[in-house]
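Protein chains in written order, with my numbering: chain A, 1 to 618; chain E, 1001 to 1076.
To be clear, the hints were calculated from the coordinates, so they are not data collected in a lab.
Quantities reported herein were computed from a predicted structural model and do not represent experimental measurements.
Careful: at least some of the hints might be erroneous.
Unchecked claim - Listed below are the simulated DSS-like cross-link pairs for lysine-lysine, each with C-alpha atoms no more than 27 Å apart in a straight line:
no.: 1; chain 1: E; residue 1: Lys1043; chain 2: A; residue 2: Lys610
no.: 2; chain 1: E; residue 1: Lys1049; chain 2: A; residue 2: Lys610
no.: 3; chain 1: A; residue 1: Lys126; chain 2: A; residue 2: Lys327
no.: 4; chain 1: A; residue 1: Lys126; chain 2: A; residue 2: Lys315
no.: 5; chain 1: E; residue 1: Lys1043; chain 2: A; residue 2: Lys327
no.: 6; chain 1: A; residue 1: Lys30; chain 2: A; residue 2: Lys214
no.: 7; chain 1: A; residue 1: Lys126; chain 2: A; residue 2: Lys214
no.: 8; chain 1: A; residue 1: Lys126; chain 2: A; residue 2: Lys314
no.: 9; chain 1: E; residue 1: Lys1049; chain 2: A; residue 2: Lys330
no.: 10; chain 1: E; residue 1: Lys1043; chain 2: A; residue 2: Lys318
no.: 11; chain 1: E; residue 1: Lys1049; chain 2: A; residue 2: Lys387
no.: 12; chain 1: A; residue 1: Lys293; chain 2: A; residue 2: Lys303
Stated by the list, open to error - Partial selection, computed: residues in chain A whose CB lies under 7 Å from chain E:
no.: 13; residue: Lys189
no.: 14; residue: Ser532
no.: 15; residue: Leu589
Backbone N, C-alpha and C fix where the C-beta goes; we use that ideal spot for every residue, glycine too.
Single-letter residue listing:
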Amino acid sequence: MLSPHDMSSVIIAGPNNILEGIIKELHNLKILHIVDHSKNDLADIGTPLESASRISEILVKVRSMISSLNIKKNDSSFELKRDILDVGLAVKKLGDELVMRTDELKKIEEHLSRNEAVKQELEILKGIDIPLELFFPFKSLARFTGYLKSKNNHKELKTELEKITAKFMLLESLTSKGNLVVLYIDASKKENANSILQKIGFTPVNFVNLTNLKGNASSNMDIIEEEKANLQKKEEEVKKRIESLRKEHKSFLLAAEEFLNEQLEKAEAPLKFASTKSSFLIKGWIPSDELNKSIDRINKVSKNKVFIQFEPAKKNDKVPVKLKNPKYAKSFEFFLDLYSMPTYMEIDPTFFIFLTFPILFGMMLGDIGYGIVSFLIFWLIKKKLPKSRSLLNILMLASLVSILFGVLFGEFFGLEKIGEMELWHLLSREHDMFSLLYIAIGIGIVHVNIGLIIGFINEMKSHGFMMAIFEKGSWIVLEIGIAMVALSYFQIIAVSARIGYSFLAFSVLMLLKGEGIKGIIELPSILTNILSYARLMAIGLSSVILAVIINDESTQFFHKGGLFILAGVMILIIGHTINIMLGLLGSFLHSLRLHYVEFFSKFFHGGAKKYQAFGAKE
Amino acid sequence: MAVDISIGLVAIGSGLAIGMSAIAAAIAEKEIGAAAVGAMAEKEELFGKGLILTVIPETIVIFGLVVAILILNLAK
């Protein structure tokens, strides 16, 4: 419970020709935590198995298809023929078809957008009945197309043009955007015409998409519309086909990805091993209670061709840690995952977190109503998100403890009496905050001292009894000193303050010996750490006061009657929702912080690697 | 509404105690929060540690609150 699983270090060495079989067996066993070999003079790292490049090639294809078909991970199972060649062929076939379909779709879409551009230009020319062939450039004629500012300009333009030449043709049409004119004029007069147009306010329009079209604009429009309808129909068909491919092969692709991942892990495993031309060496860790069984299996597979050496973990080994906790406390390992794994020799604090986290959380939230609501919310979320199971288990337990504290505090959604019935309480947070403050500090003293005791044991294991006395015992002596000085100052105990002072001085000396000058600088931290537990009262109090304000405010609305009752109900719902959210966030973060900062700083070193068996899924 | 001036002063004092300590905590948290978000952008797993580091200066407010309540108690 308080220490992780026993580990043994294992070294497996053998000839390269049985390497593949050994990897397969280790992958099936899911028991060996492999320690990566780093290249040195004696041995290089191994090379991946031959199949690795082929597998990763197929895997890339599968992944690209999964992302382009937008397939989400689900639980549906698929009976995959577990053979790389077969999977590769199926993937290739599917990939080819998919590429063909998406190319087709892309072409249709391009065509559609080109048509749309032509259509927009035709729309402008709708009212002008000239063959579109005339939009090709001519040698002897210059062409201007564009909008005039107003209809009157048309006449003005005509008279101005007549002044320079008689060889021109002017067409016009009224469109939604303005007065469109098309002017053909003798090429030699192009410059003059241009300056006239500039003068009377002309905005040119270019038609870049109208090449290779015959007949007038409106007849072309009909053709384009018809084409568009056809293309859209085709587009639908291709999309449907892709969708059916997606539905049909969804589970196959997901299963293939999983299978290939597994195969790739095996094929690339030699990168973690030490290797020479003809032999390999695998270093790793196996939980001691599974050791014999695993070694038997490996020997059997290799027909006793491998050499296996094993020994229990030694003091200075970097052992990967597999936490060992009873089922009910297992969820709380989440907090160590989030923070850092304790080292192999340290005490695993999971069980202590299991004991204290819900209490600290519950004391801060401490309301029957809020506890019930949050319990139900977390229960529902747990059904939806089974992946976050451990966090939600923690929160559900914490919610239950909140209900318990709610009963002790006699609070139901901030109310101390429901109707005329006064709720029983042991201590009212709203009216007796000083008692609550003292209780909070008391809990702080207990909690910090539990931390110091764990630290003492850790220290004793790693550096011996005397060091533990100097490093951790000194803090306890310091606390006793402070307590004696304070108590004699307030004349609660009839002991001279000098004894307290001598305790203080003694503890400072011990600390200097144990932790050096750093310890002396840290001296005030014992007080701030303990006072920090005042938040147990502060967070709770702010939550209660907010709830009381919400209740009072809505009661005022209820007294006004009529529509105000509705407003009152709204205030109650919105207010309590916000307060529950704030309360949950605050209670969670602060009790977590009390553990990570105040509690852990007394004993925790951490930094170990988590035990991760080769072949086991995360 | 006639209130004894000493009660008013006590209220101001306790308000200052919590208000100013809250500002101090906010300044400290601002820096840590910015750094934590920066670290998280690089490495998402640091969310847990970032969150914890960010709430560390919260203690300052709690000391402020305790002092504020102690001051308020003077008015009684």
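Structure-based check of each hint:
no.	hint	result
1	E:Lys1043 x A:Lys610	holds, 18 Å
2	E:Lys1049 x A:Lys610	holds, 17 Å
3	A:Lys126 x A:Lys327	violated, 79 Å
4	A:Lys126 x A:Lys315	violated, 90 Å
5	E:Lys1043 x A:Lys327	violated, 31 Å
6	A:Lys30 x A:Lys214	violated, 73 Å
7	A:Lys126 x A:Lys214	holds, 14 Å
8	A:Lys126 x A:Lys314	violated, 90 Å
9	E:Lys1049 x A:Lys330	holds, 21 Å
10	E:Lys1043 x A:Lys318	holds, 24 Å
11	E:Lys1049 x A:Lys387	holds, 21 Å
12	A:Lys293 x A:Lys303	holds, 15 Å
13	Lys189	violated, 66 Å
14	Ser532	holds, 5 Å
15	Leu589	holds, 5 Å
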